[in-house]
Amino acid sequence: MSPLKIKKGSTSHSAYDLRPSYSDTVERHTLAVLVENEPGVLARVIGLFAGRGYNIESLTVAEVDHQGHRSRITIVTTGTPQIIIQIKAQLGRIIDVHKVNDLTVEGPSVERELGLFKVAGKGEHRVEALRLADIFRANVVDSTLESFVFEITGTPEKIDAFADLMRPLGLQEVARTGVAALSRGAV
Amino acid sequence: MSKTMTGAKMVVQALIDQGVDVVFGYPGGAVLPIYDELFQQEKIKHVLVRHEQAAVHAAEGYARSTGKPGVALVTSGPGATNAVTGLTDALMDSIPIIVLTGQVPTFMIGSDAFQEADTVGITRPCTKHNWLVKDTEKLSATLHEAFHVALSGRPGPVLIDIPKDVQFATGTYTEARQVETHYNPQVKGDLAMITELAKAMETAKRPVFYTGGGVINSGTAASQLLRELVAATGFPITSTLMGLGAYPASGDNWLGMLGMHGLYEANMAMHDCDLMINIGARFDDRITGRIDAFSPRSKKAHIDIDASSINKVVHADFPILGDVAHVLEDLLNVWKARGRKTNTEGLAKWWGQIKEWRAVDCLKFTQQGKIIKPQYALERLEALTKKHDRYICTEVGQHQMWAAQYLGFEDPNRWMTSGGLGTMGYGFPASIGVQMAHPDALVINVAGEASWLMNMQELGTAMQYRLPVKQFILNNERLGMVRQWQELLHGERYSSSWSESLPDFVKLAEAFGAKGILCSDPDTLDDAIMEMLTHKGPVLFDCLVEKHENCFPMIPSGKPHNEMLLGDASTKDAIQAGGAVLV
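Same order as they appear, the protein sequences are chains A and D. Under my numbering, the first residue of the first sequence is numbered 10, with each subsequent residue one higher. Under my numbering, the first residue of the second sequence is numbered 154, with each subsequent residue one higher.
So that you can see chain A by itself, here it is in the shape it has in the complex (with noise of 0.2 Å):
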């Protein structure tokens, strides 16, 4: 037995001071998750990120079988690779959910964005933007005397870069919908 001396009046140990010594390393993982269509089940979902503390970098959902009554969320999370283990444990503990993949370490995926930016200016500028959308392959989906609304497809690095180079032409607004994302290959 080893005494311990703990002197009268000392500061207190807080009993929640408790961190574990894992790898601190931060990874980004891309979750499928496919849930049952039900009121509350994105609120379950977002709720187990909030309470527990979770990073969400990007969400999306809506319904991929409306017959099974199924809807995909697709999540961007960063944290250890504890955490992360944690995060598809706790997820598969919600009642509703009937699965979760994790597409960045199940084999190869494709991730895609969809992003609407709008770019206002005269000239110069609007000519640019326009040459720009066309090597990015972005559509003209409206279009007035002094703006466009762009929209384009692609990686999320590949709209950032995109948003990167509108700036300076007169990008006003930014609609970005959330990483979308597959699995290579039959399943």
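Hints in this document: simulated from the structure, not taken from any laboratory. The model shown is predicted, which means the values in this text are computed figures rather than measured ones. Be a bit skeptical, because a hint or two may be false.
To be verified - Incomplete in silico selection of chain D near chain A, CB under 10 Å:
hint, residue
1, Arg277
2, Lys281
3, Asn283
4, Gly306
5, Arg307
6, Val311
7, His335
8, Tyr336
9, Asp459
10, Ala460
11, Ile463
12, Lys465
13, His468
Stated by the list, open to error - Taking CB as the label site, the calculated pair distances span:
hint, chain 1, residue 1, chain 2, residue 2, range
14, A, Gly77, D, Ser264, 30 to 40 Å
15, D, Asp405, A, Val35, 48 to 58 Å
16, A, Thr87, D, Gln268, 37 to 47 Å
17, A, Thr87, D, Gln331, 41 to 51 Å
18, A, His75, D, Thr323, 22 to 32 Å
19, A, Ala52, D, Gln610, 30 to 40 Å
20, D, Lys502, A, Gly77, 55 to 65 Å
Each residue gets a CB set at the ideal place from its N, CA and C atoms; glycine is no exception.
Got chain A sorted already, so can you dock chain D onto it with the hints?
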């Protein structure tokens, strides 16, 4: 063959079909149709509590002591919000309960109607699952599914919110067997990993079983298999607070409870072991102490039905996902088939070491003088009641830890306590739930005076239903555990930890028509306890104990297992000296 009935009738019918015989509840506007149906039948008893929180704790007590789900029925708004503490408690301790709440009519939801609350929103994080049923056609299927969810996998509380118009409307009743569910957690463990564990058990020099509430939740077969496994291998076994009784306290291999206020030998064995076999426990922070110094030299096996518990805080070398009973059965079979081998030489040495730790006798205390030591009160309670058909509940605090240390539990489902959430006010209503399930048994709630006052109104319930629950209050006129922490960690500044203006408990009991007993003298303690036991009705036992007794052993937070504080009970000055008793 389809049956048409109102939603309210479906609720009662589904409860009957699920084998429910008692419901704890409190009526209100939004559940009146269900109460009307309850009134017109005789299969289900209804226990009217005095506060909705108590209904949920009573349901927990019922569930924990029977292995069956407990049911509570409360109204909308405040009825539902009062149930939140009980739901959270049940979630933390994995207790299967079904809470039915009334809701304002569907067409008024969202209008801030009278007694409206977003019940499914409020209870989403404190239930295993919950439902708002907006269509009577779906009500009975949802009720059956709720029982399935509450009981399957890692058990937990579920809630069904039923708007009043859904209770009035008629629909088709669906039988339980017609309900399809996709929720079927895996119960069988991976045989390859079980075999790996069996191999490790054959060579381990210093093995220890570390068991938890999962063994109790898995059912009596799990406890039986555990006992067989322990007897066959000869390994020492310790348990968390929630797992007490799975292995008998009188068993040869029992080390006692582990954790923050666990026994010296149990914690030292955890720290020094080379193979830790966690069965249905979850490496709670009250168990592990400082994580990076937790049992540094051991390989760890973790058997759990909840995948999120495995590798959550402690890395498992042998992770086994499955139900305890199923896994233990396979483990026993594999280990036997491989030749029932253990490292006998290593084990003999290990037991020699454990014997030395046991010799420290960490629970020793000296009762002298005219003031009752709380430990002595529990030692006498144990001696005078252990031969009874006995169920013990507790509140939360020092008395809870002393009860875990000084009372012996021989069987599962005999020990009801709030472990994870640490809910003061849990024990009294839980004892009511236990007594409803076991009318002829001796049900004792070991309490502190502060915790007990949190749900004291339930004395009315105990009287109304003639439930002879014994409230054994260790009255130190302090919030004892708070005071202990203030003494050890906050410079003896006793901020709001005095129980001021306490009632006269004997008169309080008498005001409800119950019996009150006051005892302050160690010499009359036995007689007083006997008086409590022989009285046929509820008893409020006010046991005045040493005011500044500390609960030892204690692992201070943030410290490893081998740095326990042992109170030196042999020191004559221990009572007065407070913190100076630290070794």
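Hints, verified against the model:
1. Arg277: This hint holds: D/Arg277 lies near chain A, its Cβ roughly 6 Å from the closest one there, short of 10 Å.
2. Lys281: holds, 7 Å
3. Asn283: For D/Asn283, the interface hint holds, since the closest Cβ of chain A sits about 8 Å away, which is under 10 Å.
4. Gly306: holds, 8 Å
5. Arg307: OK, holds: D/Arg307 within 10 Å of chain A, min 8 Å.
6. Val311: holds, 9 Å
7. His335: Where the cut-off is 10 Å and the nearest Cβ of chain A is about 6 Å from D/His335, the hint holds.
8. Tyr336: With a minimum Cβ separation of about 5 Å from chain A (threshold 10 Å), the hint on D/Tyr336 holds.
9. Asp459: holds, 7 Å
10. Ala460: OK, holds: D/Ala460 within 10 Å of chain A, min 4 Å.
11. Ile463: holds, 8 Å
12. Lys465: Since chain A brings a Cβ to about 6 Å from D/Lys465, closer than 10 Å, the hint holds.
13. His468: Holds, because the Cβ-Cβ distance from D/His468 to chain A comes to roughly 8 Å (cut-off 10 Å).
14. A/Gly77 with D/Ser264: 30 to 40 Å: With Cβ atoms ~34 Å apart, the hint holds.
15. D/Asp405 with A/Val35: 48 to 58 Å: holds, 49 Å
16. A/Thr87 with D/Gln268: 37 to 47 Å: holds, 43 Å
17. A/Thr87 with D/Gln331: 41 to 51 Å: holds, 44 Å
18. A/His75 with D/Thr323: 22 to 32 Å: holds, 29 Å
19. A/Ala52 with D/Gln610: 30 to 40 Å: holds, 34 Å
20. D/Lys502 with A/Gly77: 55 to 65 Å: At 60 Å between Cβs, range holds.
In this structure, every one of the numbered hints holds.
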